[in-house]
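Engineer: As you go down the protein sequences, you meet chains A and B in turn. So in my numbering, spot 189 of the first sequence is number 189, and the numbers just go up one at a time. Count along the second sequence from 1, then add 1000; that gives the number in my numbering.
Hint data in this document are derived by calculation from the structure and do not stem from the laboratory. Please note that a few of the clues may not be correct.
Covered stretches of chain B, going by a simulated chain A footprint (3 or more residues, C-beta under 8 Å) [what the hints assert, rightly or not]: (1) 1009-1021; (2) 1026-1035; (3) 1079-1087; (4) 1102-1116.
Predicted model, so just to flag it, every value in this text is computed and none were measured. Glycine included, every Cβ here is placed at the ideal spot set by N, Cα and C.
The lines below spell out each chain.
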Amino acid sequence: MNHRQFAAHTPAADGAAQAAALREERLLLLLSIFIGVIAGLLVVAFHMAFDWLSVLMRGSSPQPHQLRLIVVPTISGLVIAVLVRYVFPEARGSGVNQTKAALYIHNGYISARTVIGKFLLSALALGAGFSSGPEDPSLQIGAGVASQISRRFGLSRERLRVFAPIGAAAGLAAAFNAPISAILFVIEEVIGNWSAAVLGSIVLSAISGVVVARWFWGAEPMFRIPTVNLVDPRELLAYAVLGVTGGVASLAFTKSVGWLRPLLRRQSATSQLLQPAAAGFLVGCIGYFGLPQVMGAGYEAIDAAMHSQFTVQVLLLLAVFKIIATTLSFSSGTPGGMFAPTLFVGAMLGAAIGSVEHHFFPHLTGSIASYALVGMGVLFAAFLRAPLTSVFMVLEVSQNYSIILPVILANTIAYLLSRILQPVPVFEIFTRQDGLDLPSMEEQREESDLHLEDALHPVTVPVLQGGVSLLAAADALAQFGDLSAAPVVLVHCSDGLWYAATRAEMDSLLATAPPDAAGEESVALTPAADPSLTLEQRLGPERTPVLFPDLPLASALPHFQRWLLLPITNRAVRGALEGTVSQDDVLKRYQQR
Amino acid sequence: MLTDFEKGSIAKRKLILRDSLAIFSLFFATVLLFAITLFLFRSFTAHRAGLAQLWSDRGREALQAGKPADAIVDLRTALTYSPGTRAYELLLAQALAEAGHTDEAYQYFMGLWVAEPGDGFINLQLARLARTRNDRQSAVNFYRASIYGTWEGDGVARRSEVRLELARFLIDQNDLAAARLELLIAGGNAPDEFNRDMNTADLLRQAHDPINAWTYYLKALAQRPGDPAALEAAGRLAYQVGDYANASRLLARLEAESAAGDSALSTASDDTILLEKAARLQELLPSPALPARERVAHILAGRIIARQRLSACSAQFNPAPKLPSALQALNATWAGPEGSAGAATLLHDSALQDSAVQLIYDTETQTEMVCGMPTGDDALLLRLATTPHPMSLPESEGTGGTTDSRD
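One chain only, chain A, in its complex shape (with noise of 0.2 Å):
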């Protein structure tokens, strides 16, 4: 079987295949340009509008003790309730999964009335003072406008599909005011790998996003930081208690969130009509009675919480009520992120801790700020088991590398913890409890890759020499006894590469060979026959591939509609062999799996 009979299409089919493969990746760098700066208009825009709402429907200072605390998310719940019954059906939920399910669901599709229902009913929620945050919408709302920009351009559906995680890491990136930690978000939550085909768009997208995003807030970071330091090296125990206390804390929110949600879910259709009425008006209970800071995304809090403005039984009352109220909003299927709330909790676990610490050790303990930030982290990594994105939105949000130990250390341990306590991480108990089976990116990113080396055999094979003559190759041949049980020959050939040559093309080579100084029959010289030519010039210029043990396993399955068998070389030494590997053995170890 000649490889050349291989060829599956014509010259001009495959230029015409490779000028649209060319065309679709130059428009998916122009287009990530695009989308992230429209991506940004909008975030800012969707930003404008609850800050605007919350202003005209809960006054320039809800304070306690103000009736329309309680009035205005209750009759907002209602409204809501109705519009995403009625009009918006897509709109609920946080977005995370929303948007994971078009790429993996909808090719990428994400409609537009999602988009305007998303962005009128989050902020709407927002503004009445729903327990959510902005930056999960924010996300839909880029994957959106994503989805609806790659439509126009007739691209092919393979290429549609990327441009979801691509709108979604610039509407992040415009949220948070911070390109890196919304493009490892995108990696680590919604693609699940480092795909370098969308890697570029999506870094692309994520700062035009944030670009159009300080065009209009400015460059300050979202919170303003006062000093943030590691004092002394003992204080590292501290926020080992901190991480251990997220990881706790996470736990609750967890299972608050995974307990209430279903159960809301399951009462009758007219039950589920009033519910985002009822968790208003039970969220603007807690605001009038005390602690309206728990009341919509909670930023002023942060910030304040950061400057040392509350006590530290306050700290704490102000977690707990947060938990509370974000599962009342969340489990209601009021629109809203989960993104701020969870900054929110740790924020002020945080500090809550950095208090304890700064009164027992005042001379061992950094600003309570540095806690305050760190418990943002640490929620991020053990509520929503992003440990790469906690660790870098904690230095970006804070502009400062001198934390980035404490910040290690209590990440990992509230993940690690979390992971314990907790295995299934939220958003897959969401999309198990909205009966969808999306990838869960915590297993994908654990999952080891099978390798060639896992399915690499000895070398059973005869093995030639490529310089040899046909007649030298031919006795060595005859060294090997029967051959029947090796269906190929490897031959390694003068430029270091091998050539997997099949019995049938052996014996095709053989028998034009010269007859030996026997003096058996003359036959007539081809060129072919040649008998100064050597074995691996009769062969040809072809080569098997080269492959190397640690390369993927599934690499090799390409090549076995040419090859037979697959010589496995070594990296350092160019040609020697490490082993084969054939395509029953891949399979077979793909089956042991």
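Take the given structure of chain A and dock chain B to it, following the hints.
Structural biologist: Coordinates of chain B only, in the frame set by chain A:
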């Protein structure tokens, strides 16, 4: 009939045209969206700025009205709409301090200090808060940073005020040497101004530096010669250090100014008493600087008073054997030449004069211990006895120099 190549070329051109149109549309839509967002954003920021101004005005008013708790709420709201505005942050920090939230105010000011460590006002506030927290060293450090920091407006005057405040703090801390140093620097750096000179003089007096205090009182009097407060303070200082001549002169001037001026400025009764005391002390003071004849006259007058005091005190212990040993010893001394020598003898024997003076002082001191506090001339003699080295301060209000002439 088109060839495949031509068909492909046409299709390619169509695709390029379509892509170009789509990108142009996208660009146009982006520009339009940007313009709309910008318009809304300007309105949004203006609205927020208005709210910030409204709440900061309320906060400022509440602070001025002495309602720091209300001011805190208002200013926090203002900062919600205009985060990081330094003026609001300073007001909020002030409100926190005034409301008694010392730790919170300290933290808040520390946050501001990190951004502007050389700001005089922030350092001054931190110094005050450190005082409240009994953190002496931090207070001194922040005071000094405030003095050398930047100030808006009249920096010289503000620095001088801060230095005076630091001096007051050091006096409270009983670190008088450091306080004197700060006061002298403050006085030297600032231009002459009545209130400032008076303030400096008062603080120098509290820091136990009467001579420099006197200098600043004189400076103040040079600017306002008839000022009752300056006359009174200077007169009292002179009396305090034993310069009864200057004390009498200044207190007499005070009385004269009061008599000539508004009835509201009438001399306080204790000033009149002090004047009388100063005048009498001048008559009794046996200063070696006096002419011999005059000094002897003073000694003789004092001796009569002291003798009477001893007799009165001894009379309380009847019968005589119950007389305390100190009084018995005094009686023995009185029997000697210093207790009995006449004017002529004393006039020619300065050593005897000194012995007689010492006897008078011993008598007043011992009788005070045995029979209690004396009154009248005895009290004045006792004062002379307990102020053995009275000062003589320069008389001129215009000289400004200091003299430290001691007996």
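Engineer: With reference to the structure, classify each hint as holding or not holding.
Structural biologist: Results of checking the hints against the structure:
Coverage of the segment 1009-1021 of chain B by chain A holds in this model, with 4 residues showing a Cβ closer than 8 Å to a Cβ of that chain against a need of three. By the rule of at least three residues with a Cβ nearer than 8 Å to a Cβ of chain A, the coverage given for the segment 1026-1035 of chain B holds, with 6 such residues. With 4 residues having a Cβ less than 8 Å from any Cβ of chain A, the segment 1079-1087 of chain B passes the three-residue criterion, so the hint holds. With 7 residues bearing a CB less than 8 Å from a CB of chain A, the segment 1102-1116 of chain B meets the requirement of three and the coverage assertion stands.
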